[in-house]
Structure formats: structure tokens, C-alpha cells
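Peer 1: All chains, full assembly: derive it from the sequences and hints.
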Amino acid sequence: MGELLLELLSEEIPARMQRRAIEDFKALVRDKLAAAGIPAKNVGGTVTPRRLTFFADGIPERQPDRSEERRGPRVGAPQQALDGFLRAAGLQSIDQCEVRDTGRGAFYFAIIQSAGRPAAEVLPELLHAAIAELPWPKSMRFPAAPLRWVRPLNSALCLFDGAMVKVPLDGVPVGATTRGHRFLSPDEFTVKNAFDYVTKLEAAYVIIDQDRRRDIIATGLDRLARKEGGTVKPDRDLLDEVTGLVEFPVVLIGAIDEASMALPAEVLATAMRTHQKYFSCLKPDGSPAPRFLFVANNKTPDDGKTIVAGNERVLKARLADARFFWDQDRKIPLASRLEALKDRVYYEKLGSVYDKVQRMEALAEVLVPHVPGADAERARRAALLSKADLSTGMVGEFPELQGVMGRYYALNDGEDARIADAIADHYKPLGPNDTCPTSPDSIVVALADKLDALAAFFAIGEKPTGSRDPFALRRAAQGIIRLILENRLRLSLHDAFARAISGRAVEYRGPVFDLLEFVADRLKVHLRDRGVRHDLVAATFIRPSESGIASIRTYDSDLVRLLARVESLQKFLDTEDGANLLIAYRRASNIVEIEEKRDGRSYDEPVDAGCFRQPQEEALYQRLSGMRSTLESFLRQEAFGRVMERLATLRAAVDEFFDKVTVNTDEKVIVDGREVSVRENRLRLLSRIRAVMNQVADFSQIEG
Amino acid sequence: MPSRSDTSFQGLILALQRYWAEQGCIILQPYDIEVGAGTFHPATALRALGPEPWRAAYVQPSRRPTDGRYGENPNRLQHYYQLQVILKPAPTDSQDLYLKSLAALGIDASQHDIRFVEDDWESPTLGAWGLGWEVWLDGMEVSQFTYFQQVGGIECDPVSTELTYGLERLAIYVQGVESIFDLDFNGAPGAGRITYGDVFKRGEREFSAYNFERANTEMLFRHFADAESECKALLNVDEGSANRPALPLPAYDQCLKASHLFNLLDARGVISVTERAAYIGRVRALAKGCCDAWLAGASG
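As given, the protein sequences belong to chains A and B, one line each in that order.
For the first sequence, the residue numbers in my numbering are 1 to 704.
For the second sequence, the residue numbers in my numbering are 1 to 300.
If you're looking for bench data, these hints aren't it; they were derived computationally from the structure.
None of the hints are false.
Negatives, chain B to chain A, calculated, CB over 12 Å:
no., residue
1, D6
2, A104
3, A188
4, A191
Computed Cβ-Cβ distance ranges for the label pairs, DEER-style:
no., chain 1, residue 1, chain 2, residue 2, range
5, A, A472, B, P158, 36 to 42 Å
6, A, D535, B, R64, 53 to 59 Å
7, B, Q29, A, D303, 43 to 49 Å
Distance condition first, Cα-Cα at most 35 Å in a straight line; then the derived DSBU-like pairs of lysine-lysine:
no., chain 1, residue 1, chain 2, residue 2
8, A, K316, B, K201
9, A, K138, B, K288
10, A, K192, B, K100
11, A, K349, A, K428
12, B, K100, A, K299
13, A, K305, A, K283
14, A, K138, A, K299
15, A, K138, B, K232
16, A, K342, A, K331
17, B, K100, A, K305
18, A, K331, B, K201
19, A, K200, B, K100
20, A, K305, B, K201
21, A, K166, B, K100
22, A, K331, A, K349
The beta-carbon is built from N, C-alpha and C at its ideal position, and this holds for glycine as well.
Peer 2: Spelled out as C-alpha cells, the structure:
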């Protein structure tokens with residue numbers, strides 16, 4: 001049983017790619033070892049900015065011997081066939097083969113024995129293949145070796161049970177040595193085994209384990225912030241990123257110059273985070289403290305004094321820029337910036353951003369009645385001003401502050417605080433983990449923004465396909481769903497989209513249905529994450545017309561009601577009556593469909609009560625009659641529990657019918673002097689079951 | 001540390017040039033046409049193509065009309081200097097060579113925090129890209145480090161190392177001043193001292209006014225069209241001139257002119273977002289034509 005250690009030392013690997021790379025590499029080598037018949041007991045891996053390291057133990061010393069059997073030609077086959085077989089099997093003479101009777105004649109069999117090779121012999125090629133196959137989001141060529149890697153490979157260290165493994169990497173040196181930290185311990189040293197590797201690297205100022213580095217950073221940040229009487233603003237992504245930028249983390253703290261502290265907290269945080277990867281320090285009351293925290297990759301003789309001073313100066317210059325924008329931007333009111341939006345293209349063929357806010361303004365007005373507490377005038381004003389901050393210097397410098405800056409500038413202009421909040425909130429929710437606006441005016445503008453985006457991009461045929469969604473329309477749809485459901489808004493999405501489509505500047509003749517279907521797909525995903533069955537959403541969202549003809553579709557685009565219907569439907573189907581009725585529905589609609597297809601006609605005409613031949617027909621008919629209008633009225637009252645109760649009453653009659661009645665019969669009866677086919681009348685009765693149930697949901701969409 | 005004493009702007013340039021000359025680079029002079037970055041110099045853009053080894057270093061004034069701030073922003077200029085190094089093929093010790101160049105400026109790595117932070121480089125107008133980093137010195141971005149993968153849409157084989165020093169940034173750091181305009185240009189004592197502002201502040205004011213307000217856009221559009229058609233003519237893009245050899249170097253000059261004219265038009269705000277992509281595409285087509293012709297000429 002052997003221990004394998006492989007370190008690939010390279011130039012700096014982008015932080016965002018590191019974790020994925022080592023996971024992929026681990027899986028690749030593990031699978032290849034298994035496929036080669038030398039599976040490892042345990043595999044592990046670590047990653048730093050400069051090294052991917054793979055560990056494995058429990059690897060067998062050699063591959064198992066293999067014996068392969070091949071059937072050859074029949075005994076007595078022509079010499080040519082025998083020669084061909086021997087060549088392919090690598091044998092000299094037919095005497096080396098066994099003759100066996102397979103029951104269908106006697107055949108030659110070749111038994112090919114291959115001895116397993118020592119693991120040490122298999123590893124070089126195996127590891128080379130894993131290195132060559134490792135996928136990177138972006139990779140490059142470099143002169144030393146004819147393979148692509150994320151950045152140039154400097155060297156590789158590879159040991160199997162302490163012995164060097166010569167992985168073929170062309171000009172990249174492969175051996176039993178590595179180097180420590182780039183500045184703190186750059187000299188080469190020899191490694192004996194995995195334990196030796198970790199110990200020596202630790203002494204050479206490299207903490208190879210990414211989780212340990214992250215913990216050291218988190219603890220250091222915390223300790224320094226506390227010393228200042230504050231806390232670190234939590235930022236998981238940044239923590240992960242800086243973990244990938246250092247091999248030997250040294251957490252340091254610097255001061256923000258007094259004058260810059262007048263900047264809005266978001267500006268401070270963003271300037272520090274995006275450009276400098278600094279953490280913010282908060283006072284006990286949550287406001288920004290005049291300190292920033294960062295992680296250096298070097299331990300200097302002056303304990304970081306020079307490094308801190310340098311970073312303080314850089315930040316000061318950055319924030320001086322931000323202050324310049326902050327001062328300049330506030331001189332021009334947002335309302336005066338609308339003009340500039342006319343020159344800002346929203347998207348080719350979709351007019352300017354000015355056109356967009358005009359459309360949003362019109363939409364806001366339509367949405368206000370559906371959002372309790374919203375005010376038409378405020379919502380329209382907020383919609384109009386929502387994008388005005390795009391022409392400010394600050395948003396030009398920090399695009400991620402769009403909306404947030406609009407709020408500050410609106411307040412500065414003396415706009416109503418609710419308008420300012422709506423401007424800040426209108427891009428939200430920006431993803432499944434973002435909070436959803438809850439203030440009435442904010443809800444209106446946020447909805448208008450997203451409805452317009454979907455309608456506009458669908459209008460020019462820019463629907464997301466596969467993984468391509470350049471305009472984040474899926475996120476917009478998800479945002480619409482959350483805004484409606486989390487705020488329990490009662491509105492017809494159909495009407496809202498219809499209104500969005502009719503907005504100025506967008507000519508869209510396509511059906512609203514496309515948009516609704518797109519939202520329905522997102523809704524399925526959204527509700528699935530909350531344990532709601534997607535087929536029930538489909539069954540409830542799109543209802544077939546009463547006739548059951550699929551091309552005529554009506555839909556319930558009131559998402560709040562839809563959810564209530566889905567929930568009661570789910571409950572119903574969990575009961576015995578519900579499950580049974582679903583089976584009966586399928587049976588009825590299968591029969592009708594088959595017969596309709598065969599006869600080339602539909603059976604949705606009224607049932608003729610005069611030609612029943614069996615009591616079960618009569619009983620079912622009685623149950624069904626009147627049910628349509630009862631269901632209709634319950635549905636209108638949104639009394640979905642009662643709808644289901646009523647449906648349940650069908651079960652016995654339907655079961656009895658199928659038990660006792662044969663649909664296909666040649667019997668004819670004379671009613672009012674006309675000859676009526678009993679079969680056709682029975683089909684009409686079955687069609688009626690389908691129609692009544694379809695009032696509630698499209699049961700044909702339900703699975704299981 | 002050879003030139004630690006001289007931290008003046010010109011002193012830094014001299015020290016870097018001396019260092020790279022010692023590494024076998026020929027020290028070239030700036031190209032005499034306005035460009036947005038040192039990469040555009042034919043010594044990089046064209047020489048990065050083809051198999052021949054090549055090592056060069058030079059200072060290149062870079063013009064970025066939209067970055068002008070009338071000399072009022074301490075950190076932004078529409079005209080500044082880059083020191084550009086091209087090493088072909090990329091040496092295996094490229095990073096060490098770079099770090100030693102910092103040492104040559106008196107920047108001792110053991111005292112500082114020097115980091116290679118992912119920053120991939122792409123020039124849509126040159127049809128070029130590469131992977132690399134921006135180099136941080138105590139949080140300040142002082143250089144760009146790129147392994148060239150493609151220029152003019154053509155694979156670079158071998159791959160080159162391209163280093164770009166932002167000279168003003170570096171000088172600000174080394175001298176510890178707050179504003180580019182306060183940089184000590186010549187390191188002379190007393191009355192002989194010249195600052196960066198003494199040399200360039202007026203230019204920043206005047207060129208910002210020109211770039212943003214005064215440039216005659218009608219003329220610029222015309223010149224763009226002229227440069228484009230001249231470039232194509234020199235590349236034999238139109239049939240009829242097919243018997244004369246293509247002249248990739250003069251053609252490339254016209255391509256550079258077109259690129260700068262586009263930047264000026266952009267600063268004047270007369271190119272819409274939609275048109276922008278189309279203009280960049282036109283310049284890229286010229287650059288690609290020049291690169292193709294350059295390689296064809298080398299083999300023929």
C-alpha cells in the first residue's frame with residue numbers, strides 16, 4: 001500500500017479558480033487510479049495561490065493480473081481466419097488456444113494473461129493525463145511545456161512511497177523538491193513524504209490548507225477589529241478570495257483618513273472591497289469605523305508598518321476620487337439628469353434608458369392599485385428617477401452602487417424618503433439570497449423594472465436559451481415571482497404583461513403567453529425549492545379550455561391564487577379519493593382521446609339523458625350535473641378546499657361506472673324518433689368528467 | 001541596489017532601462033504616433049508574432065482622451081507614460097526578472113507586500129489577449145503582467161511575456177507624494193527642481209479641452225475614413241493593386257491613427273454605444289490585416 005504526493009507549483013492561480021481546481025483534480029486522479037486497478041484508500045488535496053497538492057494513500061503496489069478470454073473462429077475454419085485471430089490475440093500458434101464446445105459447435109478460445117504492472121510504473125502517464133485533462137475556466141499556453149495550464153507551471157514534486165515519480169512534463173522540472181514562500185523562504189528543499197512536505201512547507205511560511213488559512217485570516221480580522229472596539233463587516237466571498245491570494249496570511253489594520261469618513265457607508269465599503277479587497281470595520285452601532293482591515297502575504301521586519309502606510313495612501317487616493325464624485329454629483333439634482341438618459345442606450349432596438357423609465361412610469365401607475373399602501377404619484381416619480389444616477393460620476397466609477405447612490409442623491413434633492421427608498425430598492429431582489437422589497441412604493445417600481453425588462457427583451461426575440469441569459473431575464477422573472485408571492489399581491493400577471501407590452505417604443509406582437517410560460521418555468525423552480533411539485537404548478541397555471549382541446553389555453557396568472565390552488569390540489573391528491581379520481585380521470589380521458597382520434601371527431605357535445613341503459617350511467621350523470629356551476633362558484637370564492645371536497649364526491653360514481661359499464665357497444669336506442677348510439681353517448685359522459693375536472697386543474701399534466 | 005538614491009521620475013526610467021538592457025533587451029524609443037498603450041508599438045504588437053526571439057524595452061507615451069480631467073484630478077491623466085518590456089519567448093523566470101527590476105528601483109521585496117492579482121488583458125481593437133496579473137505593491141497597482149496568447153487574432157507562438165509599468169503610479173509610490181503633478185521629475189536640488197506638473201499640467205488642461213470640447217468631429221470622422229482606406233490600400237485589400245507588395249508597417253501606422261481618432265471621437269461623445277462596437281470592429285479588421293501581412297512578409 002503506497003502513499004502518493006503530487007505538488008504542482010505554478011505562478012499565481014486566480015483566487016476564484018482555486019477551490020474548484022483542486023476538487024476537480026482530486027476527482028480526476030481518484031477515478032484514474034480506480035480505473036487503472038490501483039484505487040486509493042483516501043485522497044485529499046489542498047490549494048494555495050501557487051500550488052495544487054494532491055495526496056493519496058492505500059494505493060496497491062501493483063495492478064492485479066488480468067486474464068481475458070476471447071472467442072475465435074470455429075474449429076476447422078479457413079487458415080486465413082485462424083491467422084487473423086492469432087495476430088489480434090498476440091499468439092503464435094493455434095495450439096496455444098483452448099477448444100471448447102459452446103453448444104453451437106466447437107470454437108477456439110484464446111486466454112490472454114496480462115500481468116499487472118507496478119503502480120510506480122503506471123503513475124507517470126496516469127498523472128500526466130490528469131494534469132492535461134484538468135479543466136480551467138481559462139487556460140494558456142506557455143513555452144516550457146506543450147500543455148495548457150492556468151498560468152505557467154514552474155515545477156512538480158511527485159513521490160510514491162518516498163520514491164520520485166517522473167511525471168513527463170517536458171520542460172517543467174519534476175523531482176522531489178519544492179520551494180517555500182516566494183519572499184520569506186524562496187530556497188529549494190527536498191521532501192521525503194507527505195508529512196515531511198507539510199511540515200517543511202509550514203516552516204517555509206506556506207500554510208497549504210486553504211481552510212486553515214481562512215480560519216487564520218478570520219481570527220486575525222476579528223482580533224484586530226476587537227482591539228479597536230469594533231467588529232469586521234462579515235463578507236464570506238471576500239474572505240474566500242483573499243484566502244486564495246496569500247500563502248502566509250498576515251492580517252493588518254489601517255486608518256481611513258478623517259475627510260473620507262463623510263462618504264456614504266456603501267461607498268466606503270465598495271471602494272475598499274472592489275478595488276482593494278479590504279474588509280470594513282464597524283463600530284458597535286453598526287456604522288463604519290475609520291479603519292480598514294486587509295491581508296498581506298508577507299511578514300516584514302517592521303511588522304507591516306511600511307505595508308500599512310502604503311495601503312493607507314492608496315486608499316486615501318481612491319477615496320479622494322470618490323469624494324470628488326460625491327461632491328460633484330450632488331450639485332446636479334437627479335431630475336435634471338433625466339436628459340442624459342436619452343443618450344444612454346438601454347439596448348439596441350430597445351431605445352434609451354429614458355424610454356425605459358417612461359415605460360416604467362406608465363407601468364407603475366397600473367400596478368399601484370394592486371399594492372396596498374402604494375401611492376401613484378410617489379411610485380411614478382420613483383420610477384422616473386430610478387435610473388437617473390447612472391450618469392453620476394460615482395456610479396460610473398462603481399456600477400454596483402447604482403440605485404444606492406440614487407437614494408442618497410434623491411434625499412439630497414429633498415425627495416420624499418419613500419421615493420428615495422424605492423429608487424434604491426428597485427433592482428432588488430438581485431438573486432435568491434437577496435432580500436425582497438416590502439415597502440409599497442418600492443414593490444411597485446421593482447415590479448415595473450422587471451416586467452418591462454422581460455417584455456422588452458422578449459419583444460426583440462432575446463429570450464434566454466440554455467445557459468445563456470445575458471440580460472438576466474431568469475433573475476428578473478424570479479424577482480417578479482418573489483415580489484408577488486412574498487408580498488401577497490393580487491394581480492393578473494397576464495394583464496400586467498399585456499400592459500408592459502403595449503408600452504411605448506416596444507413593438508411586440510408576440511403572445512403574452514410566451515412571457516407567462518417563461519414565468520411559469522421559473523415558478524416551478526422557485527416552488528420546487530420549497531417542496532411544491534412542479535407538475536401541479538403546470539397543471540394549475542395552464543388550464544385547458546373546457547373542451548379539453550390543448551390549443552385553446554387559459555391560464556391563472558394570479559400567482560397568489562395559483563399557489564393556494566396548488567396547495568389544496570396537493571393535499572387532495574394525497575388523499576385516497578384524490579389518488580383514485582386521478583386514475584379515473586386518466587382512464588376517462590384516454591378512452592375519449594383514442595375514440596376521438598379514431599372517429600376523427602370530438603365528443604364534447606351534451607350528454608343525452610334519454611339514452612342511458614344502465615343505472616351507473618344515470619348515477620354518474622346526476623353527480624356531474626350541476627357540478628360545473630358549483631365548482632365555478634367555489635373557484636370564484638377561492639374556496640379551494642370545498643372544490644376538492646366536491647370533486648371527491650365524484651369518485652364512487654366514476655368507479656361504479658367503470659366497474660359495470662362497457663363503453664364500446666353497438667347498441668342503438670331510439671330517442672324522439674332519432675337513432676342514438678349508446679357508445680357515443682357514453683363517450684360524451686366520459687368527456688364530461690374530463691371537462692369538469694379540468695375546471696379545477698389540468699389533471700393530464702399531473703405525474704405519478 | 002544600484003540607483004536607490006535617484007527616485008526622480010526620470011531616474012526611475014533610467015534605472016528600469018538600464019536593468020532591462022542588462023537582461024538583453026534592446027532599448028527602443030517611443031513610437032512616433034499617438035497610441036493608447038505601449039502594446040500598440042510595433043515592437044510589441046507585431047514583434048510578438050512569429051517564431052523569432054525578441055527582447056525590447058521602451059517608454060511609450062499613452063494617450064487616453066477620455067481619462068483627461070483638466071489637470072484637476074491628482075490621479076488621472078489623458079497623457080501618461082508606460083514602460084513596456086517584451087520578452088519572447090517568455091522566460092521561465094519571468095516573475096523573478098520582474099521582481100528584480102523592482103529591486104533595481106530600490107524596492108526591497110522583503111519590506112513590502114507584492115502580489116500577483118488575476119487580471120487578464122484584452123485589446124479588442126488589436127484582436128489580442130493574454131492571461132496574467134496586475135502587480136500590487138502594498139495595495140497599489142504598479143504593473144501589468146501578461147503572457148500574450150493572441151495578437152491580431154493570430155496565436156502567438158512562442159508565447160511572450162509583456163510587462164507594463166505605470167511609471168507615474170510607481171513614482172508616486174516611490175516618492176511618497178499625493179499627486180502626480182507633485183512628482184519630482186529630475187531630482188535636481190533647489191531651484192533646478194522640475195515637477196511633473198511643471199512639464200505636463202498645462203498640456204492636461206489644453207488637451208482635456210481639446211478632447212472633450214474642441215476637437216472638430218467632422219474632421220475626425222473624415223480622417224478616420226482616410227486612415228482606414230489608406231491602410232486597406234497598403235494591404236491590397238481591394239483588388240487591382242494586387243501586384244504590388246503589401247506594406248504592413250506603413251499600413252499599421254494608418255491603423256494606429258484610426259485607433260486614436262476613434263478614441264478622440266469617443267471622448268467627444270459622438271459615437272453611440274451601438275456604433276462603438278462597429279468602430280472597434282473596423283479597427284480590429286485593420287490590425288488583423290496588418291498582422292497577417294507582417295507575418296506573410298516575414299516568410300516571403
